[in-house]
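Okay, here's what each chain looks like letter by letter:
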Amino acid sequence: MNADFFQGYKGEALELLKKYNVRVWGQAEIDTTRGQFKGTVLPRSENDDNKHIVVKVITGYNIGVDVSTITKMKETGYKKANYAIPEKEFPTTPNLPNVKLFGTGGTIASRLDYRTGAVIPAFSPGELYGAVPELADICNLNTEKVFAVFSENMGPSQYMALAKAIGKEIEKGIDGIVIGHGTDTLHHTAAALTFMVQNSPVPIVLVGSQRSSDRPSSDAALNLMHAMNAAGNGDIAEVMICMFGPTSDDYGLLHKGTRVRKMHSSYRSTFRTIGDTPLAMVNRYSVTPIKKDYKPRRKDKNVQILPFFETKVAMLYYWPGIQPDALDSLIDSGYKGIIIIGTGLGHVNKELYPAIERAKEKGVMLFMTLQTLWGYVNMFVYDTGRDLMAKGIIPLGNMLPEVAWVKLGWVMGQTTDPEKVKEMMLTPINDEITEREPYNGYIVLQGGVPEVEEFIKKVRK
Amino acid sequence: MKKFDAIQNYENTKKAIGYVSRKVATQNDYDRIGFMSGLEVHQQILTKNKLFCRCPAGVFSKNNEFDAEIIRHMRPTLSELGEYDGTALMEFRTKKEITYRISNKNTCTYDIDDTPPFPINREALENALQISLLCKFNIVGEVHITRKQYLDGSIPAGFQRTAILGVEGEIPLKNKKVRLIQLSIEEDSCREISDIGHKRVYKTDRLGMPLIETVTYPDMVNPNEVKEACDYIRFLNRSTDKVRTGQGAGRQDVNVSCKGGTRIEIKGVSHTKWIPELTHVEAFRQWALLSIKQELNKRISNTKNWKINYEYLDFDMFEITYEPIKVAKDNQYKLVAINLPEFKGILSHFTQPTKMFADEISDRLKVIACIEKPNMVHTEDFVSIISEIDLEIIVPMLRAGNNDAQIIFWGPEDDIKTAIEVVEERCKMAFVGVPEETRKSFFDGSTIFERVLPGADRMYPDTDSAPIPLENEYIESLSKKLPVEIVDRFAQLKKWQIPEDTFTYLLKNNLVPLIEKIVNELKFNPRFIGVFLGQKLKYVEGHYRASVEFENTSIFNLFKFIKEENLNKNIAEIMLPIIYQNPKMQLNSVLHDLKFKKRTKDEIIAPIAFLQNKFDEIGKNKPKEAQINWVMGELRKQALGNIDLNELRKIILNS
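Sequences listed follow chains W and Z, in order. Heads up: the first sequence at position 290 corresponds to 290 in this note's numbering, and the numbers run straight through without jumps. Position in the second sequence counted from 1, then plus 1000, gives you this note's numbering.
No lab work stands behind these hints, which were simulated from the structure alone. A hint or two may mislead.
As the list claims (entries may be wrong) - Simulated restraints on C-beta separations:
1) I1468(Z) <-> K301(W): 51 to 59 angstroms
2) I1193(Z) <-> E29(W): 42 to 50 angstroms
3) V1020(Z) <-> N283(W): 55 to 63 angstroms
4) E29(W) <-> E1413(Z): 54 to 62 angstroms
5) S266(W) <-> N1552(Z): 28 to 36 angstroms
6) A81(W) <-> P1116(Z): 20 to 28 angstroms
7) F1431(Z) <-> S266(W): 43 to 51 angstroms
These figures come from a predicted structure and were not determined experimentally. From the three backbone atoms N, C-alpha and C, an ideal C-beta is built for every residue, glycine too.
Whole structure, please, built from the sequences with the hints as guidance.
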């Protein structure tokens, strides 16, 4: 029999299925020392053990049968499940904007994968329309699967491929671009695209979902609607992340690609703009700017695509008592630039000094960002900071650590001249370093006891 | 046009289908309509924490006690086998905005589905497995957590995490065995605070508490049997002492069908005593719907082409006296008249003792179109709202025929489209028979439409949790710790000659082990202890407020004290109310409070002659019996704890 008949089974379980001629998707009667079990044999997730056979019983529940208890099995029927989101042709409406959706993987629209037991993306416009028919009221949609990788597997080569694909769409005159993306590294990609796609005439909106779209309470559908609206109808022509504002099904926020960070491992409202206010609020019907000085939509096609990346750049998260070898090993491995994430205003301990000096000698460029995330690097306040600057560490203002890493890779992909690199790092493309931090941008709400409690109670966060 | 007599029609149709009240119904009646019923018995498991998070279980909040509110809208998703579930699609049509009121003391980010599940609560799993073993289920080799979709919002994730522990079990009833389909462990749902229009509000205190569901085959053939089976399962659950008691801790869904009908699930029945009437009424409702089906198919040759037609009405066309329509006008609702061809006599067709077919339509307008009741009037209301004059306007508008019936409903403009669809859908279902539904119960035995009945299509594997293996050694070790089976408990109670009317109370409260302990260790008569608990304790429970510290050992200690102090056991009944309220009180102090004095038999019987003379003075010409009772009454207090009352009576009689 074909191996496909035993999807995911191995070892004892596989032997037993073969012995009794029972296939995956076969209806089986299984006699065991614990009594009889009846149902459809399901594929087994590859990471699960080889001691159980998974069966869907008539009531729709799944159970596992311990192979060591099985005395006999018999296949009585066979019916393979056809798991497909119902496809309906996505309608075209004359006066609606044309939006291109790039798929990269992630959970924005997904279905079950037996191989891993996890969810895999489903994607065609037809599938999306089947799942979220409201999209057709917002825009005309075209989709393209650029690649299908989980968020954690997105990296420099994907950034560059995306940038080029976006360039082509803008050339063709698209009204807006949406990128479906896993949420874990959404903000890395957003930063990369900010640098690689400059002067875009149309909105470029990255969107994901925190709670997978195979659950009725998923944020996927609403996020998708918000993103499509921001891309098709919104006036802000920047690279943005569009995700839930509050954790309630209410409105989304548009965050500047260089100022945003995932701040909770599973919350729906995980993305927060750091050190500034978000760009805008968005719902299905409107985009309401919070910041007034955004880059507006234009009619031209004068976009600049700059797909460069040097992968030999690294990040070093400082810890108290860190030894020089931590930095030395990066230097010895040939890294050309390193983002240090320091404490307080931008500090590391003295023990690291020899390694820092060595880096300078070897021409490895070091930059300073902050573990506090909020606030500016200021290396003049304390002696340590002055020492470090003297040793060649360049402070990066209020640039977020991940953004700094992305930018350094992008810059060093273009030049290795230290002066040029420094100049480019310190010249903001789109607010990765801001000149000033507004008071209403500092939204760590713990300074508002008990008012914040009242606020949360009344305002549905 | 001669006015249609709806009341007469209702009575006629009730008679025509052969409805009989439960009081007079016999097994023949139930066989005639093919009564069939099964149960889904829910029981909360007693644990410190919730099932998939570490929030405390059993910590409740008042409706207005909350720290935050979260809003969700639910969307249907595909099942594992690639199908949408009917209930899910129905719920999506209702376009509900769901608000959760969250109290930090009992709810965390897991409950709201903002955090993935933590590993399953092993204590809950173990308790549930013990109950599975007691029900003789085939225990699974590996527990797979499954997501069961609920789009009504009762679970914020939109699905309940649930898992099967065993399949194919059985329980013994008096006359038969009832087969069990499965037992699952699952998270409890939210409690509804309100559901008005498109807004539904829940609180999350109960959400996530561990619960088991025992599902039977539809083996019960009359209403009393359903109650018997339900009681048995509840007693069995209680016999482990590992389940929660109190309001809402145990509740059941009752499945009922009649011959040619379909499985209808009556949800959330919290008292087993309501089951007989509910199942009786439901079986006959289905029987009535089948009679409607037959009648309609006789009248209409091609039901596929049957269609309603409707017209918007102008409020100003009528003289409105009916208050709800006045309110509708003030709210700027739309008013719609619908013609139902060939439905004359159907709207007022009997369905339940307090309901007619038209109510089935009104229920769905409320649930699916979210139009609050009263939401419609029709041409067969018992008290006509639509007057003859109104009809003269409406009938020509709708081009209605003589055999047609008309409905007028009202509601917000946005809901009208769904409402019209709902009316047509429900009427079309009448051609087919009994639509698959879950129904909400009322204590008078009636039910109303709640949701479309969900099927196996709403199940989906939980991709957030790994399967949990159950090794043979583990199951065997659990098998050794099981309590005595309920069927054996019944036999034991009978052998002890304890009266049957106390069984329910004794088993419900799992008191048999206590009787056993008192009898074995203190050598009291089992019948006496059984009656004492089944009657005296039950009385005290109903009339006094228990201290939280009162427990079974308080009763054991009472009898131990009586034995050690060499008191007569009849003192127990007057000591019990005090102990019930103050279990920590010294038992000597209880006696002191009761002004108890230890007396010999001679001391007690000494005043008998004097009392008899006294009675003869004041109660002249009364029978001997009255004299004995009076003397007994005078001596009773001194006698309790000192002498058996029957013995005392004999002495008085012979004095």
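Consistency of the hints with the structure:
1. I1468(Z) <-> K301(W): 51 to 59 angstroms: Distance hint for I1468(Z), K301(W) holds at roughly 57 angstroms.
2. I1193(Z) <-> E29(W): 42 to 50 angstroms: 47 angstroms Cβ-Cβ, so the 42 to 50 angstroms window holds.
3. V1020(Z) <-> N283(W): 55 to 63 angstroms: Once the Cβ atoms are compared, 58 angstroms apart, the range 55 to 63 angstroms for N283(W) and V1020(Z) holds.
4. E29(W) <-> E1413(Z): 54 to 62 angstroms: The hint (54 to 62 angstroms, Cβ to Cβ) holds, given that E29(W) and E1413(Z) are roughly 56 angstroms apart.
5. S266(W) <-> N1552(Z): 28 to 36 angstroms: Hint violated: Cβ distance 44 angstroms, outside 28 to 36 angstroms.
6. A81(W) <-> P1116(Z): 20 to 28 angstroms: Holds, since A81(W) and P1116(Z) (Cβ atoms, about 25 angstroms apart) stay within the stated range.
7. F1431(Z) <-> S266(W): 43 to 51 angstroms: 49 angstroms, holds
Against the hints set out earlier in the document, a violation occurs for number 5 only.
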